[in-house]
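**Q** Here is what each chain is made of, one letter per residue.
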Amino acid sequence: MLELFSTKIILFAIIGAVLTGYTCSLMGTFVVRMNLSSLGFAMSHAAFAGAALGIFLRKDPLIFALLFSTFVSLALGPLADKAKLKTDVVIGVIFSLSMALGLLFLNLSPDTAMSSTAMSILWGSVLGMTTADIIYLLIITVIAILFVIMFFKEINAILFDRKLARSSGINDKPFYYLILLLTSLTVAFSLKLVGGLLVFALMINPTSSVYQFSYDMKKIILLSPIVGVISCLLGMLMSFSFDLPTGSAIAIVCSAIFGISVLISPKRRKG
Amino acid sequence: MDKAIELNAVDTTYEGEKIPCLKNITLHINKGEFIAVIGPNGAGKTTLLETINGLLESNRGEVKVLGKALRGDGNSIRKYVGYVPQDYSIDELTPFLVSDVVLMGRYGKIGLLKPITKKDKEIASNMMEYMGINNISKRPIGKLSGGQAQKVMIARALAKEPEIILMDEPFSNLDFEARREVSEKLIHFHKNKGMTFVIVIHDIASIPKSCNRVIVMDNGRIVADGNKEDILKPELLEMGYKGMVC
Ligand SMILES: Nc1ncnc2c1ncn2[C@@H]1O[C@H](COP(=O)(O)OP(=O)(O)O)[C@@H](O)[C@H]1O
Ligand SMILES: [Mg+2]
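Protein chains in written order, with our numbering: chain A, 1 to 271; chain B, 1001 to 1246.
Next comes chain A alone, as it looks inside the complex (with noise of 0.2 Å):
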């Protein structure tokens, strides 16, 4: 079957997923670890809805999908920052609402020739790679790891504790925001490959995965991504042999990878 696609089409694939792996699987160690997880369940289903709205409006889905997840970031960030945010509460209420805009919107879209993007976005899709995607994939990722290489001091005492960072004399605050800021644009362009509904998945099971095994943040913060980029690579791998949306064979991958992490980590083991 891999002979029907061009060569084109399946390096954008290779080169789409690795990126995605990377960056989401990065974004994911801070979002794990600074206990923003469900902020990162909200903004994944916003730009999910954006990019419906998008569609609907026959516009680029992207940047609907970035301006919806920015704005959960921006809006939600402040309240996660000072504990006034029941999770719970915010998961129920954005991920409904964010679903019935989004399923509203796509049903609106008259157009059938639509129908393939619309997939696209909620369940992903390896073949819709263009060269602007991969360019924007790219340009993130190497914002992302510069961001940690530039400010590793930073970024690793605040995810120690953000108190105690501040008692040293860091400055914590532009740099909780710059995460949640990176991470929602993360999940926005992650969108095309994964998909809105299980973008979520790439970000925290890589680096759960991950976390069974050291005990050093170091080392979380450089492995999780790989483990990201195997995800994707498998789930791709999957996805065009068994002929699945993208977005599920990746999720079912890191899932299992996760799965079999817990199950023989020695973090687990008793005595």
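Derived by calculation from the structure, the hints in this document are not laboratory data. A hint or two may mislead.
What the hints assert, rightly or not - Taking beta-carbon pairs under 7 Å as the criterion, some of the chain B residues facing chain A (in silico): (1) 1078; (2) 1105; (3) 1107.
Beta carbons: idealized from backbone N, C-alpha and C, even for Gly.
The hints should help you fit chain B with the ligands onto chain A, whose structure is shown.
**A** Chain B with the ligands alone, transformed into the frame defined by chain A:
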């Protein structure tokens, strides 16, 4: 003499509270003093320390640290003020190694976009050796005993080589032998580096020998402030501060 810390008529109110937790605190501390703060639970000792280093913002009066008024974020001043908090959220799975946690104490001081140098690592390593935690430097921080973790937090604060160090019940998880030991080390630092110490302490018996001044707090106010000998008179303690220092 140069002032290290200056509080003039300071109130600190927690967010969402009506009544200030610190009430009209005036406190001047000279450079090089070694001060013990005592008082019952809820007296405001922790709040006092965090008002001094700006983690909590005072809502009345003036706080000056090392001659500079604490306003806004206070991060620039906190680079010179070490802090050992009373409690910290470390659970068993916390993914950080002891050596990293100690080195992190220096990150704020090193500053944005500046690399961690060999010297930074050397200082952190020296502090670990000094605190006797060298042998656990590659252990995950969450796997330590309460006393070991406390030593790590002290090493972390000292690794910054601060001019002022604030410690909130730094001995609470140490056994008596370790208290004596750590106490000696702090005395050494005080003598040789001229650091200013403000230590909240629960157990009067473990107030380090170099302590020259004792502050007693109750109900958000300073109720006594003076020489150690004057404040810690047995009869005074028995009458006035009964139940305060349990
Ligand atoms: N985050 C907070 N919000 C509201 N009140 C607080 C908070 N933290 C402490 N308090 C109150 O402030 C008072 C002083 O607390 P604290 O400074 O921790 O006392 P101490 O350290 O002397 O035991 C207590 O009455 C406590 O209930
Ligand atoms: Mg206290």
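**Q** All hints are to be evaluated individually against the structure, with a verdict given for each.
**A** Status of each hint after checking the structure:
1. 1078: 4 Å, holds
2. 1105: 6 Å, holds
3. 1107: It holds, given that the least Cβ distance between residue 1107 of chain B and chain A is near 4 Å, below 7 Å.
Violated hints for the displayed structure: none, as all numbered hints are satisfied.
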